[in-house]
Every structure is written in structure tokens, then in C-alpha cells.
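Peer 1: Single-letter residue listing:
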Amino acid sequence: MDNRRLLAIAAVVLGIALIVVAIVYWVEPAKSLPGFFPGHQAGSNHHHVKHGIASFLVGLACLVFAWFNTGPKRTSTAA
Amino acid sequence: MSSLGHAVILPRLVGWHIHQNDKFFITFLVATHLATALVLLLFFWRDWVRIIKGLGRSLRDRGIAPDDTDARLGWLLVVGTIPAGLLGLLLESKLRSVFASAQSAAIFLFVNGLLLAVAEYLRRRAPVVEEEDDARIARTLSWRDATVVGTLQAGALVPGISRAGMTMGAGLIVGLSHKDAARFAFLLATPIIGAAAVLKLPELFGADGRGVRGPALVGALCAAVTAFLAVKFLMRYFETNTLIPFAIYCCAAGAATAIYFAVT
Numbered sequence: 081m082d083n084r085r086l087l088a089i090a091a092v093v094l095g096i097a098l099i100v101v102a103i104v105y106w107v108e109p110a111k112s113l114p115g116f117f118p119g120h121q122a123g124s125n126h127h128h129v130k131h132g133i134a135s136f137l138v139g140l141a142c143l144v145f146a147w148f149n150t151g152p153k154r155t156s157t158a159a
Numbered sequence: 022m023s024s025l026g027h028a029v030i031l032p033r034l035v036g037w038h039i040h041q042n043d044k045f046f047i048t049f050l051v052a053t054h055l056a057t058a059l060v061l062l063l064f065f066w067r068d069w070v071r072i073i074k075g076l077g078r079s080l081r082d083r084g085i086a087p088d089d090t091d092a093r094l095g096w097l098l099v100v101g102t103i104p105a106g107l108l109g110l111l112l113e114s115k116l117r118s119v120f121a122s123a124q125s126a127a128i129f130l131f132v133n134g135l136l137l138a139v140a141e142y143l144r145r146r147a148p149v150v151e152e153e154d155d156a157r158i159a160r161t162l163s164w165r166d167a168t169v170v171g172t173l174q175a176g177a178l179v180p181g182i183s184r185a186g187m188t189m190g191a192g193l194i195v196g197l198s199h200k201d202a203a204r205f206a207f208l209l210a211t212p213i214i215g216a217a218a219v220l221k222l223p224e225l226f227g228a229d230g231r232g233v234r235g236p237a238l239v240g241a242l243c244a245a246v247t248a249f250l251a252v253k254f255l256m257r258y259f260e261t262n263t264l265i266p267f268a269i270y271c272c273a274a275g276a277a278t279a280i281y282f283a284v285t
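Protein sequence lines, in the order shown, are assigned to chains R and D.
Positions 81 to 159 (our numbering) are the ones given, in order, by the first sequence.
Positions 22 to 285 (our numbering) are the ones given, in order, by the second sequence.
Hints are computed from structural coordinates only; laboratory data are not their basis.
You may find that some hints are simply not true.
Claimed, not checked - Simulated DEER-style distance windows between Cβ atoms:
1. D:Val119 - R:Pro114: 24 to 32 Å
2. D:Gly227 - R:Ser112: 22 to 30 Å
3. D:Arg165 - R:Ile103: 25 to 33 Å
4. R:His120 - D:Arg231: 45 to 53 Å
5. D:Gly77 - R:Ala122: 42 to 50 Å
6. R:Pro109 - D:Pro266: 49 to 57 Å
7. R:Thr150 - D:Val239: 46 to 54 Å
8. R:Trp106 - D:Glu113: 12 to 20 Å
9. D:Gly36 - R:Ala97: 48 to 56 Å
10. D:Ala283 - R:Pro118: 36 to 44 Å
11. D:Lys44 - R:Ser112: 24 to 32 Å
12. D:Glu113 - R:His120: 19 to 27 Å
As the list claims (entries may be wrong) - Subject to a maximum C-alpha distance of 30 Å in a straight line, what follows is the list of computed DSSO-like cross-link-like pairs (lysine-lysine):
13. D:Lys115 - R:Lys130
14. R:Lys111 - D:Lys44
15. D:Lys221 - R:Lys130
16. D:Lys115 - D:Lys44
17. R:Lys130 - D:Lys44
18. D:Lys221 - R:Lys111
Glycine included, every Cβ here is placed at the ideal spot set by N, Cα and C.
Whenever a hint applies, use it, and build me the whole structure from the sequences.
Peer 2: Okay, structure coming up:
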């Protein structure tokens with residue numbers, strides 16, 4: 081498997097993981113977030129919407145990167 | 022020249038009891054930023070249509086054709102917007118509370134002037150090539166350049182530091198002309214200012230907006246007119262002129278107000 085394909089697979093896995101993380105941020109209040117999540121705060125009902133948006137955007141960027149990386153080879157590619 | 026910096030300095034200068042972290046003030050700023058973003062979007066509407074079509078083409082073809090400058094410019098804008106957007110999302114409220122005072126805004130306005138002057142000094146003069154504006158920008162900027170220029174937008178989270186000033190200055194350093202740097206800065210501004218305003222819209226239409234919506238509407242209309250005139254003027258101005266007058270203004274206004282606030 082060439083490096084290009086490996087990178088694309090890694091980007092897809094990371095992208096999906098980050099989008100799942102975004103959904104967790106949107107759905108769960110700060111007190112229910114896993115302890116290793118930035119923004120976890122015992123007893124807080126605050127939803128970290130912005131953390132979710134940030135995670136979603138990076139996840140989307142990873143998926144776009146994978147999309148371009150698995151396309152036909154050109155002299156110039158995005159991201 | 023930092024609209025946020027001026028919005029923090031001016032009330033203190035004229036004796037208004039407004040603090041940057043007051044909810045009604047933030048709501049007011051949301052309205053003015055939304056108006057600015059809409060004006061920028063309308064001003065560059067045709068360009069945005071071309072750019073979005075280019076993005077669509079590149080996604081469909083899973084790559085950017087070498088001669089597709091709209092697609093390349095579109096992805097340069099995306100690459101430039103992501104880091105600033107992330108920094109804004111994660112740091113905005115923390116920076117706002119740390120640098121909330123008019124005194125710090127005045128000092129950063131002075132620093133902003135110095136940075137503009139340094140950018141002019143370090144400017145890399147790209148060879149003048151007669152081609153269409155966007156083609157020239159897309160050809161000059163690398164992905165790394167776009168990331169650096171875009172990331173510097175986040176400097177505007179600090180009141181006194183100008184978003185357009187930072188992006189224009191960085192654009193000059195990586196080899197854009199004044200005109201191209203201004204054009205790229207305005208195009209970069211639209212999604213980030215618009216997204217920031219849209220994210221805060223619930224505050225404008227929620228309980229925090231009570232009693233502020235009237236003044237916010239007037240402020241938004243004034244911001245829209247001013248933004249339109251400013252963009253129109255600056256796109257012509259930067260065809261032949263530099264950032265130096267803005268650097269002088271920022272240094273002078275920043276130094277004068279910082280001294281005034283220190284002694285009063």
C-alpha cells in the first residue's frame with residue numbers, strides 16, 4: 081500500500097472520529113463528557129457547542145483531504 | 022485599523038460606561054459584524070459565485086485542474102479560514118476577558134501600527150505579471166502561505182490588532198501586491214466574520230438582545246454603509262498606495278490614547 085493511500089485511510093479514520101467527538105460535544109453537557117475531553121467539568125450543564133464546531137470542522141477537513149488524496153493524480157492537489 | 026479596538030477605546034475616551042464584556046455591547050458588536058459580513062459578501066458576490074463553483078468542480082473532479090484558478094483560490098481561502106476559525110472558537114472568550122481594557126486596546130493599537138510598518142519594510146516585491154487578479158493571487162500563494170496569512174487573522178481576537186491589517190501585512194510579506202493582499206484579506210474576512218456573527222446571533226435575538234436591538238439595528242446600518250464605502254475606497258487606494266498611513270495613524274492614536282488613559 082503506498083503512502084498516499086495510507087494517508088487517506090488515516091485521514092478518513094481521524095475525520096470520522098472527530099465528527100463523532102463533535103456530536104458528543106453537542107449532545108452531552110460538560111459534566112457528562114469523558115474525563116479526557118477538553119471542557120469536561122463536573123456538575124456543569126453547559127454544552128460546549130464551539131468545541132463541537134471546531135472538532136466537526138477539523139473532521140470535515142480530514143475527509144476532504146482524503147477525498148482529494150484518493151482522486152486521480154494531478155500536478156496540484158488541495159490541502 | 023481594528024474596529025474592535027476602536028469600539029473599546031472610544032467609549033472610554035468619551036466617557037461612556039461601556040465595558041467590552043458587557044452582554045449588550047457584545048450583542049451590539051454582533052449586529053455590526055453581521056452587517057459588515059453581508060456587505061463584504063455582496064461586494065464580492067460575483068467572485069464568491071465563481072469561487073464556490075470552482076470548489077464544487079474540484080470536489081467533483083477530486084483535484085484542482087492546473088488552470089482552475091477559482092478552485093485554487095477557493096481552497097486557499099478554506100485553508101486560510103480553518104486555523105483562524107479554530108483559534109477563534111477556542112480562544113475568543115478567554116482573550117476577550119484578558120484584554121478587555123481600553124488601556125490594553127490602546128497599547129495593541131500602537132503595536133498594530135508597528136506590525137503594519139514592519140510588513141511594509143519586509144515586503145517581498147513579486148514580479149508584476151499582467152493577468153487576472155485572482156489568477157495572480159492563486160499563483161503567488163502556496164498552501165503554507167495561505168495557512169500563515171489566514172492564521173494571523175486570529176490576532177484580531179485581541180482588541181487593537183487589526184484582522185485586515187494582519188492578513189494584508191502577511192500577504193505583502195509572502196509576495197502579494199498591495200491590491201492583491203487587500204483583495205485576499207477581504208475575501209478571507211467574509212466567512213470568518215460572517216460565521217462569528219451567526220454563532221452569536223442567538224444573543225442578539227435572545228434575552229440578551231432586549232433593549233439593544235434598536236441601537237444594534239442603527240449600528241448595523243452605519244456599519245454596512247461604512248464597510249461598503251471603506252472596501253470600495255480601499256480596493257482603489259491599494260492599487261497605488263501602501264499601509265504606511267495606517268501604520269502612522271495606529272501608532273499615533275495608540276500611543277496618544279495609551280498615555281491619556283495612563284494619566285487620567
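Peer 1: Decide, hint by hint, whether the structure agrees.
Peer 2: Tested hints:
1. The given range of 24 to 32 Å is respected by Val119 (chain D) and Pro114 (chain R), whose C-beta atoms sit roughly 28 Å from each other.
2. For the hinted restraint 22 to 30 Å between Gly227 (chain D) and Ser112 (chain R), the CB-CB distance of approximately 24 Å keeps it satisfied.
3. A C-beta distance of roughly 32 Å is found between Arg165 (chain D) and Ile103 (chain R), which places it inside the suggested range of 25 to 33 Å.
4. Remark: the range hint 45 to 53 Å for His120 (chain R) to Arg231 (chain D) is contradicted by a beta-carbon distance near 33 Å.
5. At about 46 Å, the CB distance of Gly77 (chain D) to Ala122 (chain R) agrees with the hint of 42 to 50 Å.
6. Roughly 50 Å separates the CB atoms of Pro109 (chain R) and Pro266 (chain D), a value that falls within the hinted 49 to 57 Å.
7. In this structure, Thr150 (chain R) and Val239 (chain D) meet the distance hint of 46 to 54 Å, their C-beta atoms being roughly 52 Å apart.
8. For Trp106 (chain R) paired with Glu113 (chain D), a C-beta distance near 18 Å keeps the hint of 12 to 20 Å intact.
9. Checked against the hint of 48 to 56 Å, the C-beta distance between Gly36 (chain D) and Ala97 (chain R) comes to roughly 53 Å, which is consistent with it.
10. The given range of 36 to 44 Å is respected by Ala283 (chain D) and Pro118 (chain R), whose C-beta atoms sit roughly 37 Å from each other.
11. Evaluation of the 24 to 32 Å hint for Lys44 (chain D) and Ser112 (chain R) yields a pass: the beta carbon distance comes to about 27 Å.
12. Taking the beta carbon of each, Glu113 (chain D) and His120 (chain R) are about 20 Å apart, inside 19 to 27 Å as hinted.
13. As the CA atoms of Lys115 (chain D) and Lys130 (chain R) are separated by approximately 13 Å, the hinted pair is consistent with the 30 Å bound.
14. Between the alpha carbons of Lys111 (chain R) and Lys44 (chain D) the distance comes to roughly 25 Å, so the proposed pair stays at or under 30 Å and holds.
15. Pair hint Lys221 (chain D) plus Lys130 (chain R) holds up; C-alpha atoms about 11 Å apart against a cutoff of 30 Å.
16. Taken as a hint, the Lys115 (chain D) and Lys44 (chain D) pair is honoured in the structure, with Cα atoms around 15 Å apart against an allowance of 30 Å.
17. Under the criterion of a C-alpha separation no larger than 30 Å, the hint pairing Lys130 (chain R) with Lys44 (chain D) is consistent with the structure, at around 18 Å.
18. The hinted pair formed by Lys221 (chain D) and Lys111 (chain R) meets the criterion: a straight-line CA distance of about 23 Å does not exceed 30 Å.
Of the numbered hints given earlier, the model fails hint 4 alone.
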